[in-house]
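Engineer: Sequence:
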Amino acid sequence: MPKLIRLYITQVLIGFAIAAAFVGVLLALNVANLWHLISHSDMGILAVAVLWVSNGIVFSGVQFAISVMRMADRDDDDQGGKGDVVFHEPVRVIATQVSPKAPKRF
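Heads up: the sequence shown is residues 1 to 106, going by this note's numbering.
Please note that the accuracy of each hint is not assured.
Pair ranges (Cβ atoms, derived) [claimed, not checked]:
no., residue 1, residue 2, range
1, A32, I57, 16 to 24 Å
2, V62, P2, 20 to 28 Å
3, V53, V31, 12 to 20 Å
4, N33, V53, 37 to 45 Å
5, T10, D73, 39 to 47 Å
6, V50, L7, 39 to 47 Å
Keep in mind the hints are simulated off the structure, nothing from the lab.
None of these values were measured; they are calculated from a predicted model.
Using N, Cα and C, we set each Cβ at its ideal position, and we do this for glycine too.
Model the full assembly from the supplied sequences, consistent with the hints where possible.
Structural biologist: Below you can see the structure in the form of structure tokens.
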């Protein structure tokens with residue numbers, strides 16, 4: 001299996017595990033009265049499944065994005081700029097007469 005596919009699958013599994021923990025904490029703390037709504041509804045299991053899958057998609061996407069961004073090589077030799085200070089000097093521009101055909105600015 002290619003390394004990228006293996007990386008994606010592991011990050012998706014980690015994301016769905018985090019989502020399961022997140023949904024468990026939501027239900028345990030009874031945020032927005034979710035535990036009561038789920039336990040007193042005949043569609044409670046479906047609601048938990050939808051909540052878990054939707055959070056799993058988000059968390060696995062974030063997990064994969066973080067792992068891909070951490071793969072960048074670091075250039076330790078780079079010291080930034082050379083430290084040369086550039087001073088800009090103003091240049092004098094002499095205004096000449098404006099042609100009569102030029103549009104007026106307001």
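Engineer: Does each hint fit the structure? Answer for all of them.
Structural biologist: Taking the hints in turn, this is what the structure says about them:
In this structure the supplied range 16 to 24 Å holds for A32 paired with I57, their Cβ-Cβ distance being about 21 Å. Between V62 and P2, the C-beta spacing of about 22 Å keeps the proposed range 20 to 28 Å intact. The hint said 12 to 20 Å for the Cβ distance between V53 and V31, and at roughly 18 Å that hint holds. Against the hinted window of 37 to 45 Å, the Cβ-Cβ separation of N33 and V53 comes to about 21 Å, which falls outside the hint.
Between T10 and D73 the C-beta distance comes to about 21 Å, which lies outside the given range of 39 to 47 Å. Range check, V50 to L7: Cβ separation about 27 Å, and the 39 to 47 Å hint is violated.
Violation of the numbered hints given earlier is confined to hints 4, 5, 6; the remaining hints are satisfied by the structure.
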